[in-house]
Amino acid sequence: MDWRPSASLQVLRARAALLASVRDFFRQRNVLEVETPLLCSSGVTDPSLRPLTVQRGDSLSRPRYLQTSPEYAMKRLLAAGSGPIFQVARAFRDGETGERHNPEFSLLEWYRPDFDMHQLISEVEDLLVHCLGSFPCERRSYRQWFIDLLGLDPMTAPVAELEAFARQHLDPGAMAGDRDLWLDLLTSHLLEPRLADLGICCVYDYPETQAALARVEPEGDVQVARRFEIYVNGLEVANGYHELSDGSEQRRRFEIDNARRREYGLPEQPVDELLLAALDEGLPDCSGVALGLDRLLMLLTGTADIRRVLAFDWSRS
Numbered sequence: 007m008d009w010r011p012s013a014s015l016q017v018l019r020a021r022a023a024l025l026a027s028v029r030d031f032f033r034q035r036n037v038l039e040v041e042t043p044l045l046c047s048s049g050v051t052d053p054s055l056r057p058l059t060v061q062r063g064d065s066l067s068r069p070r071y072l073q074t075s076p077e078y079a080m081k082r083l084l085a086a087g088s089g090p091i092f093q094v095a096r097a098f099r100d101g102e103t104g105e106r107h108n109p110e111f112s113l114l115e116w117y118r119p120d121f122d123m124h125q126l127i128s129e130v131e132d133l134l135v136h137c138l139g140s141f142p143c144e145r146r147s148y149r150q151w152f153i154d155l156l157g158l159d160p161m162t163a164p165v166a167e168l169e170a171f172a173r174q175h176l177d178p179g180a181m182a183g184d185r186d187l188w189l190d191l192l193t194s195h196l197l198e199p200r201l202a203d204l205g206i207c208c209v210y211d212y213p214e215t216q217a218a219l220a221r222v223e224p225e226g227d228v229q230v231a232r233r234f235e236i237y238v239n240g241l242e243v244a245n246g247y248h249e250l251s252d253g254s255e256q257r258r259r260f261e262i263d264n265a266r267r268r269e270y271g272l273p274e275q276p277v278d279e280l281l282l283a284a285l286d287e288g289l290p291d292c293s294g295v296a297l298g299l300d301r302l303l304m305l306l307t308g309t310a311d312i313r314r315v316l317a318f319d320w321s322r323s
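Going by the numbering used here, the sequence shown opens with residue 7, and the numbers climb by one from there.
This list has only true hints and no planted wrong ones.
Using C-beta positions, here's what the derived DEER-type ranges look like:
# : residue 1 : residue 2 : range
1 : H107      : P43       : 16 to 26 angstroms
2 : H195      : R266      : 21 to 31 angstroms
3 : L280      : D311      : 33 to 43 angstroms
4 : L44       : A166      : 38 to 48 angstroms
5 : S54       : P11       : 28 to 38 angstroms
6 : D203      : P69       : 44 to 54 angstroms
7 : D291      : Q34       : 18 to 28 angstroms
8 : P178      : A86       : 40 to 50 angstroms
Just so you know, the hints here were simulated from the structure itself, not pulled from any lab data.
C-beta: ideal position from N, C-alpha, C; glycine also.
Could you put together the complete structure from these sequences and hints?
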């Protein structure tokens, strides 16, 4: 049995320095550090995420969920008048292991009242440069990304056209699904690999079907989700939104998520009524982002495997 740490002492020192640097960045900008519970009465309904649960214990009358992100509780603080906040938290996602994933990982999440999506993108870029040093930065809309590199309009192309293109350039076998499945396949296999040497690259304004907790607004002839993802040399490090503040619309999306879970044969997840109550009370106009600290440390140390930047990876914990 190998009891030794996964990461070297040098990397552990780099992690400590990174955390100090992150906290200094937000201290200089007067953003309040907060802590919220990681074991909560509700998880997430998103069918692509699998929360870990704690089934029983002396204090538990029903299952509790280890959080995939501190987002819901942080939004309750925002609705209570916290102002700008950030958190360094552990997060948990079942079924995610490999060179870039560990079921338990470190997440940096922050929210900026009165920031639109592009103002927050600028702050993410500032943080990355603060932590990693100078990098070229570029932004492109999701739609233009597809049009420029693949010659496809992801917002209007029929599903059959997306599938045919994927089968022409990839080998998906018997795979079948909706337009988001084909868009995700084209993104991960044909578009993201082309970001490998571009420094900091932000992709924004996703299809409305991929909004999750983001606002949906008109952009030209289509509706788009005010959502962004940021990559550094091809490694995805951050996912952010101009946050949805409509409690009724958020409830509708949660219900759609659970309907998809039933369709996929997945267990339904309890809706977070505390979050919905906070949204009904009034979430300030804000943008928020989650950034993977372990991946940021991978970039900082030139490490290709997330297990080498964790004190103890999943197999040794």
